[in-house]
Amino acid sequence: MLLRHTPTDISERKALTINPAKTCQPIGAMYAALGIHGCLPHSHGSQGCCAYHRSTLTRHYKEPISAATSSFTEGASVFGGQANMLQAINNIFSVYEPEVIAVHTTCLSETIGDDLPQIKKKAETEGKIPEGKYVISASTPSYSGSHVTGFSSMVKSMAMMAEPTGKKNGKVNIIPGWVEPADMEEFKRITGLINVKTILFPDTSGVLNGPLSGEYKMFPEGGTTVEELKSTGDSIGTLALGEWCSADAARALDTKYKVPCSILDMPFGLMATDRFIDALRTIAGVSIPEVITHERGQLVDMISDMHQYLFGKKVALVGDPDQLISMTEFLVSMDMKPIHIVTGTPGKKFEKRIREITKDMGCKVNVKAKGDMFLLHQWIRNEPVDLIIGNTYCKYIARDEDIPYVRWGFPILDRQGHQYFPTVGYKGGLRLLEKILGVLMDRQDRDAPEEKFELVM
Amino acid sequence: MLLRHTPTDISERKALTINPAKTCQPIGAMYAALGIHGCLPHSHGSQGCCAYHRSTLTRHYKEPISAATSSFTEGASVFGGQANMLQAINNIFSVYEPEVIAVHTTCLSETIGDDLPQIKKKAETEGKIPEGKYVISASTPSYSGSHVTGFSSMVKSMAMMAEPTGKKNGKVNIIPGWVEPADMEEFKRITGLINVKTILFPDTSGVLNGPLSGEYKMFPEGGTTVEELKSTGDSIGTLALGEWCSADAARALDTKYKVPCSILDMPFGLMATDRFIDALRTIAGVSIPEVITHERGQLVDMISDMHQYLFGKKVALVGDPDQLISMTEFLVSMDMKPIHIVTGTPGKKFEKRIREITKDMGCKVNVKAKGDMFLLHQWIRNEPVDLIIGNTYCKYIARDEDIPYVRWGFPILDRQGHQYFPTVGYKGGLRLLEKILGVLMDRQDRDAPEEKFELVM
Amino acid sequence: MATATKKKLVQWDPADIKAELIKKYPPKVARKRAKQIMINEALQNDTPSLTANVRTIPGIITMRGCTYAGCKGVIMGPTRDIVNITHGPIGCAFYSWLTRRNQTDAGAEGDNYMPYCFSTDMQEQDIIFGGEKKLEQAIQEAYDLFHPKSIAVFATCPVGLIGDDIHTVTRNMKEKLGDCNVYAFSCEGYKGVSQSAGHHIANNQVFRHIVGENDEEKPGKYKINLLGEYNIGGDGFEIDRIFDKCGITCISTFSGNSTYDQFASAHTADLNAVMCHRSINYVADMLETKFGIPWIKVNFIGANATAKSLRKIAEYFGDKKLIDKVEKVIAEEMPAVETVSSEILTRTEGKTAMMFVGGSRAHHYKELFDELGMKTISAGYEFGHQDDYEGRQVLPNIKLDADSRNIEELEVEADETRFKPRKSDKEMKALDKAGYKFKEYDGLAVDMDKGTLIVDDLNQYEAEKLVELMKPDIFCAGIKEKYSIQKLGVPMKQLHSYDSGGPYAGFQGAINFYQEIDRLVNSRVWSYMKAPWQKNNRLTASYNWE
Amino acid sequence: MATATKKKLVQWDPADIKAELIKKYPPKVARKRAKQIMINEALQNDTPSLTANVRTIPGIITMRGCTYAGCKGVIMGPTRDIVNITHGPIGCAFYSWLTRRNQTDAGAEGDNYMPYCFSTDMQEQDIIFGGEKKLEQAIQEAYDLFHPKSIAVFATCPVGLIGDDIHTVTRNMKEKLGDCNVYAFSCEGYKGVSQSAGHHIANNQVFRHIVGENDEEKPGKYKINLLGEYNIGGDGFEIDRIFDKCGITCISTFSGNSTYDQFASAHTADLNAVMCHRSINYVADMLETKFGIPWIKVNFIGANATAKSLRKIAEYFGDKKLIDKVEKVIAEEMPAVETVSSEILTRTEGKTAMMFVGGSRAHHYKELFDELGMKTISAGYEFGHQDDYEGRQVLPNIKLDADSRNIEELEVEADETRFKPRKSDKEMKALDKAGYKFKEYDGLAVDMDKGTLIVDDLNQYEAEKLVELMKPDIFCAGIKEKYSIQKLGVPMKQLHSYDSGGPYAGFQGAINFYQEIDRLVNSRVWSYMKAPWQKNNRLTASYNWE
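Residue numbers (the working numbering), protein chains in the order written: chain A, 1 to 457; chain B, 1001 to 1457; chain C, 2001 to 2546; chain D, 3001 to 3546.
Careful, some of the hints might be misleading.
What the hints assert, rightly or not - Stretches of chain D that chain A covers, calculated by requiring three or more beta carbons in the stretch to come under 8 Å of a beta carbon on chain A: (1) 3025 to 3037; (2) 3053 to 3064; (3) 3117 to 3131; (4) 3459 to 3473.
To be clear, the hints were calculated from the coordinates, so they are not data collected in a lab. The beta-carbon is built from N, C-alpha and C at its ideal position, and this holds for glycine as well.
Next up, chain A with everything else stripped away, as it sits in the complex:
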């Protein structure tokens, strides 16, 4: 057993987090910033933070992740990081020539109270920010929220780049939330099909799923352009996907620039995608093209064809709130039973949403926000499941408990595909379903006695 010290008895813990189901804000801010075209994320703290975030994102994407750091020393930590930040801005624009530097803070710089807007002003006055270049910043102390809220904060800073002209651009802002590059691509395909003009931000497609071509581009083709970000204030409205990931940015655009918004669930699975597509339909006042309805029908078809393998299967889930809410709804809609659900991100309303979604399931549901994977494992020990869905760290539980396991979420450090194949939308639903069925059926094949081994399934 790899997790041999995990007891079945659950004792309350007040101070010790074991096997976290979240990480800190800055990495979320860094990931979001990579969704701006020509942007270099910058970590205002000691250099280790930046190194850790870059390493984690690199392992997840098997792609280069460029980001700079203020490389705090003991001195800077005492006297403040302004000097380092100014030096960094100067060096970055001279050496790497990005369009934008997206700075996020860390527990260090927040604890000593560095004031980024003020530092930015100083940089401007000192002419350290070249004409037409941008420095944006987000406050992301590691000691509050989680990687999810850090992502959200940087997305909000992106929204605040809006420069309304007063003239509507006829576009819809779509804030996809923390999804994979392939998902962002899929959003663009879908809105393209429905013929809704959109500004998607952030957009990491083309940035974190790049080609091997013999060329290295620190700033690949992809990403939301500064022009687009400026234009978000002229959009007819904003669809924010995910309360945790995307709502703040949408609401900020609303309050500050009167761009109305709707907060939808992330379109994972049938229902959430239905709501997303129908929102697009009514916004654009178009009818949904046959091809979308066809894809939807294919998903429903596969659910009905394979229902016998899904029905009543118990599932344990760990991940981020917005993703888990939609995934739980998807599983319930297929007559599966998500019974253990953990996110490390705080937010009581998460537990409330999950309870609503699972209320007719007719069995006890363990759900916890600000929980950890140690607790999830203990729940599983107490009531075993047929399937685990979560990030790569779940593999230790899956192996110890011998439970089928689908990798989904962040980070995925040990498999490929998430960069290239979407799990949002109806096609994404088909992929999720293929993966879920795959591991469940593999298990049936593995455990079947010879006389029950099936050719046709």
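Once you have looked at the hints, place chains B, C and D on chain A.
Coordinates of chains B, C and D only, in the frame set by chain A:
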């Protein structure tokens, strides 16, 4: 052991086929015919053939497969099937109202020498074929060739529906060969991106991967229309994908209507797709859009990123000639070692192609056309492999020998996904790679001692 | 294009429905089909009122398979230790390779050729010059590789046409090999009108070549044969479990989970219990004529039917110990069944079912739907005969057509040495007096409600119409029908292969079936068929932003 | 946008390259970097000519990590039976959770907390009001759950800033718990200039709190400690295999595959063999000063280096039996190595490599590339000090800057009771006379060719430039560098984590490395980077139909 009677010692067999790696011609003809819009395939033989083909295709697609039969009785077998066929044509047009009836023969009707063209004439003269409706036919005796050649024959009959007007239509005929509906869709996406006008036939997309919508359409939206088929004689040329599946139809259009053709390998994997795309490029005289180059680069990127898991891995392959040729080339291109390769379809040039492709691999390669899975299993017993790629029947070998296994080919009776996700083209290559890596890495995780169990892979 | 998305269930009249079904047919077809569609009167006539076991109409998409499928696939398929070689082009062997879910338990060491597919893969030259030599060689190769106790050869369409004498070939090979029983089946696909002919051909040869080969006494009491049980999804395992529990010895099952030796010893049993009347009643007759073993119809599909059948077997042997044991077993098993059924009943009661399958299954499964409180509003067989619909009393009045006459009827007579009446006349009289019925089967019709529709050899077009018009809550047939029905939004349960489920026989099987039907008729999946924009496609440019 | 698609290899001059590397920098940066880039003269100066172990420049994308990473991740991470609690916000604990491939073999029953991640997950109120109470509580919860023999606490950036007194907390908890050794590391990320500071902080505390805790005599002969071996990819397993085979007893490894008790017993060994000079040479010094254990530099990366190191150890003990055994082992192991290398050499000879990694690894791995006939054309360390580049003789002349001075240097003196010289003066003289060198390390520079480039703290920009200009056949660094280099079409091998490979130490490891490098530099994958239409983009409407 499920295949407990399979000995390691290989003895030559002259008369007995065990665990075939092919099936008979008619099912191929039926599958091809389903790629015509509004077409009802018809099996001219005893009703069992039709029942078997419909069942197999249904299990593979989890979709309704409509096809009619001449329901030969003992009498018909003695006095000939003309009466049954005429009656069938009349009943089919009255009850099901298809655009086209695509008739294929069977060992039965061929043995007694029924002459379909002559029967068709009689039906016409008797007015049993309504105005504007069509009856086409292919000779597909079960005792020659295989399901692959049967497919090819019906595709050729489709090509022979051409009615050249003398005026070129500026289109390229693309004969995709026996691929999945999702692959046909992918061809349309690719040619659309490159902006080449095409006639794709047959085209089972939208026919065999349909939605669940509360409606049953015996003749779904998809399929190549009669109009398109008539127009193939006006096309500027034909790209036939696969010597076995598609060449005959292309050559027939060339000889009969002077439509020039090229026979390419099926675009599975990097190289074969490169050749296909470059052919489209030069034909259309366009430059390849960035998005295609990008997808290609992603495939190369993933190959290079994951090369350590692929390098030197031994593979056993079973399937159909055109698919195996491209797959073998793909595997070799990734430094893998396909060492046992079997197809049930006859054709010495298959062995020749495989030998060419594998000649620099630096190890012994077992390859056989007109072989069977019993032989493949014996080869594996004698030299084990790290991976098996083939249809669902491979699961018995994979279980007995405990070998990682990727389902690919026909039929796949026990898993989902092949209807929805293409394996052709660069994106298809990514999917194949994801699946191959998935089973290899799952095996590493399964077999790793605890101290070697990896988080990051 | 049809649709069955539930509107308020319209009231229907069977006559209207029947008219609708045949309306679109050409006159000739309509006339023929009219005879195979019966508005049930639930009477027991002596002359059949429904036409069955007749030719399928060319071009009309049928559910039926062929004689080869019935012979090699259904009857001989489930026997694990016989090497079954299909003589013909590759297809027939390929399609009947592991596709029927007839499970078998060979243990770790036992012979098991079922995962294998053997074919002579006939080529053009074999058709032209004849395939006998190749067949002979194939048999030899199979023998050299496996040394099986028995090899069976199955003819496909061309074999009969080109005149390969497979019976001579097999007879010679049997002699040559010495320790291997080799025989052949002339089950060309064009014979007969359905699988049914294949069952008959198969059973004839089993009776001719295997039954009676092993006279040694098998241990155990209350020896029976179970005829017409094919262990789909493990049905046979469950029935065997119950037999063991009751102390009943099953000498042989025809042919679920069976072995060559079971057939060879069948004549040593004292009672034949017939499950699938259609596929095997004639074997029961032959076993009685030749060896003196009486037969009764049983049914282990449905908990009550199972109890009834067990009691019937016990009553036959008339031994108090057995009778008590059977009651004890029933008392042990029923509570679990009732707990589940009573709970599920609340969700299934009043729902409707349609079944078009097999030659007896439709009748058997009606039992289970009855136990679920579901009404079978229309049913029929794929390859049933008139006696399967209306009872054996119509047998004398069935007119044999050419197709049926072409299927051999074995002439059997009492075996000089081995014929032995199992009961004295006195005992038989006693049983008769007690109302005990041998070789009785009343058929499907009497069990169906008045005014329900009984349709023989239902085809794709009629199935779609029936579902459109009558909107059942569940439809049962085979794999070919499954998805066209489900496209209409009606769950479809395969009763040939059970989809991926089973066992459904016996007590545990009943529980499985209740749960499976509950899953199907109460799944929320069927509510997803329409997208929001299909339910409400009001277009509005003024999206209601929160 | 850079490209390294191999054109004909241009000839380069090191001075030009150096100029190119710093050309684009602002003057201040250029000046600073110029001091850290040395055109190698392969001399052994007494005063260092290369600047190292200095601050990273803000905004210049560095390979370096922080002090916490060096302390918790590198040094303390590999010890399996200590519960390592990170005191701080969640991130630091999360990122150092199982990400370093330092393997451990706990057996089926042994304590193993390495798959776990423990954190106090500090929240805003902890920052405002202080985190000592929470830390205390966390230690208690960990103790109650696991009852480990030891608990270690690691400070992250805010801890030092808000002034949590973690040492007092741990001291108190140690007393309170009684049977659990609890201690803390002030390894805030902002300390020092690289991981190196973290190594030092970690080792100081290990020496202070654990070493010497267990005086009991361990069995076995030829007792050594292996310092600075972290069992990445199983290196330590291979080295242990060789030690066992030679009969050498490894009392403790710092810290690959180690346990608390190994540290506690380290002072009972008779020789310290130092692998990673950078991360641990000061521990060797302290062990000598306090307990009288001499130390030598060894290297088990490379088959020849391994043989050399084994001989050096044997020579120290001077026992004929050991010396012969070591020769016997070398004789047994080398043939396999040579078979592989000679075969692969034909494909690797003359190729070029670059290495920028660690504080000693770049030097160690040069050995392996030499054995492959590959030239190391440029190299450097991520967190090396000047003595690692130019040899320990420069130590007296290294000027300590503020950052280094902030890292505690332990004052140790001979232990009254336990100090014991391992060799008599006479023996030491004899060894010295025989040319045997203790505490000697000459550094990387002398081993590199003249005119090669040695770059300290190479950054992303310079790495890209180097590859563009010098087009090596392989580049070695860490995960952050891997894919930007590979995008240029040059295979990149991680020498921190070994990607997914290893072990590369010892004899078997050498074979693994040869094969891995062969795979990388000779893979055909790198030839696919251009599409046909990129190689030949001639447009033609006249497609050449066959």
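Comparing the hints with the structure gives:
1. Taking a C-beta to C-beta cut-off of 8 Å, the region 3025 to 3037 of chain D contributes 3 residues in contact with chain A, enough for the three needed, and the coverage statement holds.
2. With a cut-off of 8 Å between beta carbons, the region 3053 to 3064 of chain D has 10 residues touching chain A; three or more are needed, and the interface restraint holds.
3. Requiring three or more residues with a Cβ within less than 8 Å of a Cβ of chain A, the coverage given for the region 3117 to 3131 of chain D holds, as 10 such residues are present.
4. Against chain A, the region 3459 to 3473 of chain D contributes 3 residues with a C-beta closer than 8 Å to a partner C-beta. That satisfies the three-residue criterion, and the hint holds.
In summary, the structure agrees with every hint in the numbered list given earlier.
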